[in-house]
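Given next are the chains, with one letter for each unit.
Protein chains: 2
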Amino acid sequence: MKFEKNKKILIVGLGLIGGSYAQALSDAGYEVGAIDVKKDSVDFALTHGYIQHGRDFPDGGYIEKFDIIVFALYPHIFIDWIKENQHFIKKNAFLTDVTGVKGSVVYKVQGILRSDLEFIGAHPMAGLESSGVENADKKIFEGANYIVTPTEKNSMESIELCKTLGKVLGFKNISVLTPEKHDEMIGFLSQLTHCIAISLMVCKDTDELSRYTGDSFRDLTRISKINDVMWSELFSLNKQELIKQMDLFEDKFQKLKEYIQDDDIEKVRDMMRLSTERRKKCEKSAAKKEINN
Amino acid sequence: MKFEKNKKILIVGLGLIGGSYAQALSDAGYEVGAIDVKKDSVDFALTHGYIQHGRDFPDGGYIEKFDIIVFALYPHIFIDWIKENQHFIKKNAFLTDVTGVKGSVVYKVQGILRSDLEFIGAHPMAGLESSGVENADKKIFEGANYIVTPTEKNSMESIELCKTLGKVLGFKNISVLTPEKHDEMIGFLSQLTHCIAISLMVCKDTDELSRYTGDSFRDLTRISKINDVMWSELFSLNKQELIKQMDLFEDKFQKLKEYIQDDDIEKVRDMMRLSTERRKKCEKSAAKKEINN
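In the order they appear, the protein sequences are chains E and F.
Just so we're on the same page, this note's numbering is the position in the first sequence counted from 1, plus 364.
Just so we're on the same page, this note's numbering is the position in the second sequence counted from 1, plus 364.
Just to be clear, a hint being listed does not mean it is correct.
Stated by the list, open to error - Selected chain F positions facing chain E (in silico; Cβ < 8 Å):
#1 SER596
#2 SER600
#3 LYS603
The hints are simulated quantities; they were obtained by calculation from the structure and are not laboratory data.
Here a beta-carbon is modelled for each residue, glycine too, at the ideal position from N, C-alpha and C.
Isolated chain E, as found in the complex (with noise of 0.2 Å):
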């Protein structure tokens, strides 16, 4: 299938991505629908001309209507949904996601699948510290990664089509990567970070030590407000990961701790001059990026 503008894209979740990706997609000239439980969401971005039309429950009549099918759901709630609702699905209709981790979701949902519908993950690297489709908002796709994670399964040109949404919903860098290489990647920089920040949060009442707090604390702990909901569920998806670069970082803070605790000071500097380089390395290329794009 290639993304004509007659094709009719279905959101199924209308939170601050299912939001977000109506609007641009209705902005972009699309027909779009979505189904939510929440009347009040479908309400809301029927509107403000996020979607043209749309369900507060799966009616087969209306899902049968749509070539595109985008999951802004949880998880483990749209893989239930599949497996409840696809029988009214279109024939050859193409589906996609929005989660966070890949490994444990694309072959779930690629093995339960009707034969000729086809699923490709993808992740767009994009959101704020609020949520709900009240504060769906296209230009957080400004600027920011979408990752295409295709396995052996899908054809090329439905991996087109998949690059060819990022594009449109506004995305600066569409990548392709395997499910694991995405779900290694993520863990490291997106979940051991958050980790990091909300161990380092809850480690004592800081009351006390608010008026003392400079920037180097605040940029450790900035990301320690989180949605708990959210977050322990996307941990647990990619757990064999997140645990393998957690032990990473642990091992390399222990043997910061042993070169301090054993007057080491040739170490210790040792892996400063590391982390400087690289840090420095990493500005030089985020410089670089700003400058081609």
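Knowing the structure of chain E, use the given hints to seat chain F on it.
Positioned in the frame of chain E, the structure of chain F alone reads:
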């Protein structure tokens, strides 16, 4: 001694902090001199009006002119400096420093000091990524904390003088803490956070990850670009307290890993809810501080 306008101030060590002290005090109308082994630094400070005169060696006839001496040198260097040169210092002079750790410095200095002299440790919690007198700028003190760490050997009058110095320099918050409380606070808020950032940055070569790097990883590693000579000395001087804070963090991090490993989702969520609540409180008290100032 009171901090009157006729007091002559000597800055020993013209780096970023020493230079910024000199600039602020000269601008406030005090007579300021400096000693630094680098003639270029002295010349730079003279040319820019940060000091009225200076020396590039510990000239006894020069040292004896000053009522107040500020040591803006690495701790191990200025303790030796005091040992070698304190016989030149004017009777009843007041001495202070700018070191980031206190317990291991303050008692040592007070232990070797001539009985008519008085030393109070102070920690200006300000700095820049750059160093050297060329980057000196008294603006770095605006909005920053200045912590005075007296012991029972110090007089009320000198404590007041030291606090007034902080005000004249332009600091926003002036606090008094024991050297021990100071070191615990710094061990947690500053040194531990730097240890975490360094450990995270050396985990892996992030070159191939750089295109996916988002705000989380960038925030958590900003301070991993670090002056290895200065920070390794600070870590070593505060070793006992720092190790305690590192243990505290490691314990929470290991607990979180254990909960994830055991699929104990409720405990993971509990920790996330606590971190969210504490971080929100942190933001609130930061906002309140803004309003009050």
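Which numbered hints does this structure break? Violated hints: none at all, because every hint is consistent with the structure.
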